[in-house]
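Line order of the protein sequences matches chains A and B. Convert by adding 799 to the 1-based position in the first sequence; the result is the number in our numbering. Convert by adding 42 to the 1-based position in the second sequence; the result is the number in our numbering.
Think of the hints as simulated: they come from the structure by calculation, not from any bench. No false leads were slipped in.
Short, incomplete list of chain A residues facing chain B, as computed with Cβ under 10 Å:
#	residue
1	T996
2	R1003
3	G1004
4	T1006
5	L1025
6	M1037
7	F1048
8	G1063
9	R1109
10	V1356
From the three backbone atoms N, C-alpha and C, an ideal C-beta is built for every residue, glycine too.
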Amino acid sequence: MVDVPYEATVDVPPAEVAEVELYHPKSWWTQYVFSQDAKVIAIQYSLTATAIGLVALVLSWLMRLQLGFPGTFSFIDASQYLQFITMHGMIMVIYLLTALFLGGFGNYLIPLMVGARDMVFPYVNMLSYWVYLLAVIVLASTFFVPGGPTGAGWTLYPPQAILSGTPGQDWGIILMLSSLILFIIGFTMGGLNYVVTVLQARTRGMTLMRLPLTVWGIFTATIMALLAFPALFVASVMMLFDRLLGTSFFMPALVEMGQQMKYGGGSPILFQHLFWFFGHPEVYIVALPAFGIVSDLISTHARKNIFGYRMMVWAIVAIGALSFIVWAHHMYVSGMHPHFGFFFATTTLIIAIPTAIKVYNWVLTLWRGDIHLTVPMLFALGFIITFVNGGLTGLFLGNVVVDVPLSDTMFVVAHFHMVMGVAPIMVVLGAIYHWYPKVTGRMLDDWMGKFHFWVTFLGAYLIFFPMHYLGLLGVPRRYHDIGEAAFITPSVHTLNAFMSVVALIVGLAQMVFLFNLVWSYFKGRPSGGNPWRATTLEWQTPETPPGHGNWGKELPVVYRWAYDYSVPGAKEDFIPQNQPPTTRAIQGAAT
Amino acid sequence: MSAIVLFMAVIAVIVGWWLSQQRLTAKPWLEEGSIDDFPGTGAMTVPAAKLGLGVFLAVATSLFALFISAYSMRMDMVDWRALPVPALLWFNTGVLVLSSVAMQWAYVSAQRNNMDGVIFGICAGGASAIIFLIGQLLAWRQLSAAGYFVASNPANSFFYMITAAHGLHLTGGLVALGRTTAKVWRGAEMPQLRLSVELCVIYWHFLLLVWLVVLGLLTGWTDDFVDICRRLLS
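So that you can see chain A by itself, here it is in the shape it has in the complex:
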């Protein structure tokens, strides 16, 4: 091996972009409110998602109060309980996680990480946020309409979703479906931006295989969301037709309160197919950005290149493709043909392979790394543990014979909270601790961060781990009051009360986090441009927080992949992606 000067690339002229292409805000309103800058839109998305997410957090408190201490709180009746679970689920999955990962992190990180000045369609990007905000407002308004929000469960299964026995039959369900339709329209506008920006606005030298895994995750998830959300759109439109115009897409012949209804012949299973054709990719729409982000967090904070980068990319693509042919594993008890059950159980087990590859690679990245137990790293480690736990119970539920008895029990609730509730939230929180310095120029307080992590991580485990046991006993989900039954042992009540107390504590710990966000914005330690000594482009911006247009006069040029940490012989333990090589080791020259 011989080191030779590598001058051919040193003089590469940086790519330049004509300034006229960039939109320049002219007033306070267009700079901070109706802004077309992806960074401002990202913050708007994140704040809105967090605000509506806090509503969902409070709803979970109310549910836990009822489950832990049934009969104590007279203001929570059975109808309200159903409304709480519905709104909690829908908000958390769609309006918080999807919006935060794609609208929030996607908008902030994609242009910066690929070396672009902004998204390619800034105006459409702005519209995307405002339509999303409208969807959130329509959703929140259901708390104040006659009859309240719908209590159909987050899956909104017909026929019960639009029958009078379900709370929110008047207005709640109509507004919920309208809000979903708006969300999908808004998301499609944003999604077009994320995809085209990655394809078209990458800076010079940024090949696909040099993209940070965060961008790979968000990019693939966006493509999946663009193709899967239409299924929810179609299902919502058809159900709105059933509810408002009296059609019978999903509604079979029914007798309600002794009255023959006007419906007849419809297929509730059709709705389930459409819903889960969206619903299962949705799990990975939330998970893939989390996979990508956590890869970058682990690599940066363990000062080691990600293990098996190529395999990580392939696994993301494979998961994205496979996730479209597993949807009916949510429908094992719907009475479908057993052969279908066999097919979907097989595909479900196959998708575990690329997922497991990713887990191994994270662990192998940590192996003999220089692990810094910073707050983002703690959350990343917390993610791996909760994700493995939730993934393993997913293998249980993916098998038809195991799923049938566990269906509609607390085991399912515990599984999906672990795998797509707690695990992605761990990544969201870790990512906020990681990128907050870039967004604000100040560090989040470390002590508060560690307190927040330990309470959240241990607390979430204490809530959801015992929940598996309740599920195995047969405790059903979505029950306002489980009452007295032979299989309800005293330990069920004790555990429920325990979990409720822990849930309140975990929720309160999030207030510490919110306080930290505000406090550090004013009083936090100034971070400088690259406090984590990271390689990716967003840390190399000339200003922190990045100015309008992200880069100075010239766009960065990328000379290397995103994971040059602890390179032997290098001066520092990281080499930024845009640092030109001065010498190059030519293998084989000496041999």
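Given chain A's structure and the hints, the job is docking chain B onto it.
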């Protein structure tokens, strides 16, 4: 769900083919410093708007494929009664074909720097698209006058819903076409105009294709074809 799964398979092939051109087997950790060494792996050179339209067409196709999937699942139920096809739909189809031809005219004229041809093409294309939409509304009125209401049978419900979805997409196209016309009005130069016209033309042809598939399905002409496919699959 076979229509949407088939569409997803097509998308998977396209994405797989494109990814296979992107050197996914490269070892990026060994390729320090190389820039522009591998043509075709950098950012795409297609205009962003065209790429965006392509992605949007994939989303719209997914939407219509899902409508068709739902349609074919629901039509197997016993209460399905196919509805008579208003003769007006033939006329509407003809008008939509004319609309596409006119838009193609505009596109060819734009390539040849013939501004008059562009103006004629987009005006004729827009006008015939509006006539198509009015025709669709009239077809709805004819059907409801004959007692085929939206809720009286699932076949009717699908007819109204899918034609409405198609009509709304065309209305969106008219907005884009309106903006292009406004550009012409303001005296934009041909190079600025060419891309706008091209995007409109692509979208018009796409909607014509969707309409032909939807028409074949709603009128039952494709039933034999669907039947053959089903037998092949089973």
